[in-house]
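Number of protein chains: 2
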Amino acid sequence: MDEVPKKDERRQILGDMPPEDFRRFGYRVIDWIADYLAHPERYPVLSQVKPGDILSHLPESAPDQPEDMEAVLQDFEQQILPGITHWNHPAFMAYFGITGSCPGILGELLASGLNVNAMLWRTSPAATELEQRAMDWLRQWVGLPATFEGVVYDTASISSLVAVAAARESVPGLAVREKGLAGSGDASRLRLYASEQAHSSIEKAAILAGIGRQGVRKIGTGADFRMDADALERAIEEDIASGWRPFCVVATVGTTSTTSIDPVPRIAALCARHRIWLHVDAAYGGCAAVLPEMRHVLDGCEEADSLVVNPHKWLFTPLDFSAFYSRKLSVVRQAFSLVPEYLKTPEDNQVRNFMDYGPQLGRRFRALKLWMIMRYFGLEGVRSRLREHIRLARLFASWVDDHPDFERCAPTPFSTICFRARLEKENASIQSQDALNEKLLEHVNATGRFFLSHTRLNGRLVLRMAIGNLRTTEAHVRGCWELLCEQAALIKRTAG
Amino acid sequence: MDEVPKKDERRQILGDMPPEDFRRFGYRVIDWIADYLAHPERYPVLSQVKPGDILSHLPESAPDQPEDMEAVLQDFEQQILPGITHWNHPAFMAYFGITGSCPGILGELLASGLNVNAMLWRTSPAATELEQRAMDWLRQWVGLPATFEGVVYDTASISSLVAVAAARESVPGLAVREKGLAGSGDASRLRLYASEQAHSSIEKAAILAGIGRQGVRKIGTGADFRMDADALERAIEEDIASGWRPFCVVATVGTTSTTSIDPVPRIAALCARHRIWLHVDAAYGGCAAVLPEMRHVLDGCEEADSLVVNPHKWLFTPLDFSAFYSRKLSVVRQAFSLVPEYLKTPEDNQVRNFMDYGPQLGRRFRALKLWMIMRYFGLEGVRSRLREHIRLARLFASWVDDHPDFERCAPTPFSTICFRARLEKENASIQSQDALNEKLLEHVNATGRFFLSHTRLNGRLVLRMAIGNLRTTEAHVRGCWELLCEQAALIKRTAG
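These protein sequence lines map, in sequence, to chains A and B.
Per our numbering, the first sequence starts with residue 1, numbered consecutively.
Per our numbering, the second sequence starts with residue 1, numbered consecutively.
Honestly, I wouldn't trust all of these hints.
Pairs count within a copy or across copies, as identical chains cannot be separated in the list.
[As the list claims (entries may be wrong)] Pairs of lysine-lysine, PhoX-like flavour, derived with a Cα cap of 25 Å:
| id | residue 1 | residue 2 |
| --- | --- | --- |
| 1 | Lys425 | Lys179 |
| 2 | Lys425 | Lys50 |
| 3 | Lys344 | Lys425 |
| 4 | Lys344 | Lys328 |
| 5 | Lys50 | Lys344 |
| 6 | Lys50 | Lys218 |
| 7 | Lys425 | Lys492 |
| 8 | Lys218 | Lys425 |
| 9 | Lys439 | Lys218 |
| 10 | Lys179 | Lys218 |
| 11 | Lys218 | Lys344 |
| 12 | Lys439 | Lys492 |
No lab work stands behind these hints, which were simulated from the structure alone.
The structure presented is a predicted model; accordingly, all values stated were derived computationally and were not measured.
With these hints in hand, go ahead and build the complete structure from the sequences.
Printed below as a string of structure tokens:
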């Protein structure tokens, strides 16, 4: 221990990987990713391993002695890759199809090379100021007024949690930050409203915020899965009459199941009348507002108190990046800011310290990748790509509509289609209909050629095709459609 | 719109960056990072820009048309880099010194290339199973029993928030998840305990969870800044007597100001007696437990209900990576799990779906980088590096102790030293002493050669040197010491 090793030895024992090795392995990984993204179809889109398969190949303990990066990269390909479901595969059409585009990957790479924590302005002024700028660029792209200021979080779950916390903080006479929710008696019986189609993260946020599931009132939707604003109005009035305090409405622009769009203008008017915080979950749908012909999906959102749109969903940004906007960022700050002595800086009054605006102190330099993506593709480049996804979705929807053995189960306002195969018999039971679609989904996914997901609408199983990958072409959509037709016919023949 | 462009044209209008371009720019970025990490001293460690400087160089709107990646990378160097505070600089000794090591950067790069969401097992079985395995490897390294299971979150702020939510959920007779905190009357007057040296994220978690600041009781510390367990005991008993429900104690192993270690064994015994959830914030200090001679810092933690250790702090992992462990992961699941139809999978009963264990649905594939780091350095490699940091810190502490113009302000159990310059006069006022140290800190940071931070202990300004970067050598520590001595003398001469 006492003798200091020579420089080379020392580096090996004490330093980071030598730069020349980093360069060599870095090139290797770049090559691998370039090849991978050129041909993701070489892999099954949905991993075909069984539970425990991957674990069984991984040693039970980490090595005592350093290993060669060569070996680690080989094991990545041999042990890890078979267990990857390929989100970058052009036939990944489950959940929401996404793309971590190449300029975004380069942005992530630079950010991890710098490894700055964007908690305070001083801990990297460029990370803070680029966050302000890139978020303002995106605000302009989706057409929100300049009164909206942005903060980057990791996920929409956190963005919506922040919105709920700010809504809670703004309830007059409560002072939840200081006093908590207990002990204020009925004054703190808070109610949050969201449609029965809203994302599960809204209810999770309410649970975490101490509102509880009983504090969440789910509002019914019409045949088009949009929140019934009349029902919302009645619910609010009923609740006020029975001693609840309505404090937050979450409207969704692009629900997860069907991508339905809640009637935000009417909801906003209701919220204004009752002084309720309106948060809009536009995590998916808000991305489409970059298109002038789709800007209407955010109609009314200029009246919202906060809104989230996720570039990692449909703006080609690698995970994670959630863009939160609010007209009342000072309330967000009030809900969250706690500055211990060791985080005070001389310039606190002149700058934005983003750590003051959320639950997390540690903050990656996420703005870098968005900035690189926006510049590389440009507004028109992003628009043409979104337009193509919507075109493909409408094309697929038209095939479904025109085919006697299939039916569409919801409107298709964006690039996600809800549909199902149907049995010819008029009197086919719901069970047999569901069983057909369950089998169909299983068969399609088991091929490894396409990956679709499902949902349940009005109690019935529905398949979802979500188009959002930059590598998805008409040929992929057509290929999936042909497979669906073929498999549906096969299942019916076998069953019959 | 109707004519389909030819393949090459199409790619340009619709696809991602062409693979050959990605390869070229990828090499470029790798080269840049390799050079950067070989000589981070070429840059001032603390960015020298003024508020607004970076913003003023960034156009007010994003471009309409695509830009050349060449230009974007140039702007990165010219517009962004001057506003970076260099966390990878060997003389970054503020807050906690960290390193995003090269194997970790390669791990981040691969993860962003794959861009999988590790929310469900099926959305990448390898992401889930590698998370289980790598977290178990780390558990073994820090010497926690096998009853602790791990989940990866982004930050310790979220890990501690999860702990508070689980603690709250486990309070008998409350059912906070269902009923929330209001309306249960005094039964929900919950109290959380942490030392006055605990991290601000603990209080933030309590605010967010609806406990409120009044529900947080800060326990005093002794001369060594460790929680006074007797005071904790008295506080709990007093609170019970006056109708509060003690539900959670957060002990810290390595507080942010002084890296003090709360007496966990005594605290654990108290928690067991009163059936209170014990969460240990070992975000920084827990990393050192990888050393057998430092394992004692986690003594008693085997009795904790949950514990967090942050590989992105002192285990060379790029931001973000927080390792959360609990003996009661089923309670965590109970607090958070909400599974909408579209996230149900056929294998739900056989696998772990990590989305069920936290507030966030979206989850990056973080396990990959930790796995690569643990294999590349190996247990012994990590140990030798941690040992060197601790050796350097003790060396610096000895210089402080031996110098008449400086004094150490807290014990140095890890690799962070609290110290200050002192005025010779016996009767020097606190103000003049603080002013000296404030100036000293300013002068040192303004050189751009070193970056230190500060805290306040017993009301007095204290400087902090935190050693945690793989590039920091004895020469850097000595250089900083010489600068401190020189500047302190200069300030005193000028003042005198």
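Numbers of the earlier hints that this structure fails to satisfy, in rising order = Failing hints, ascending: 1, 2, 3, 6, 8, 9.
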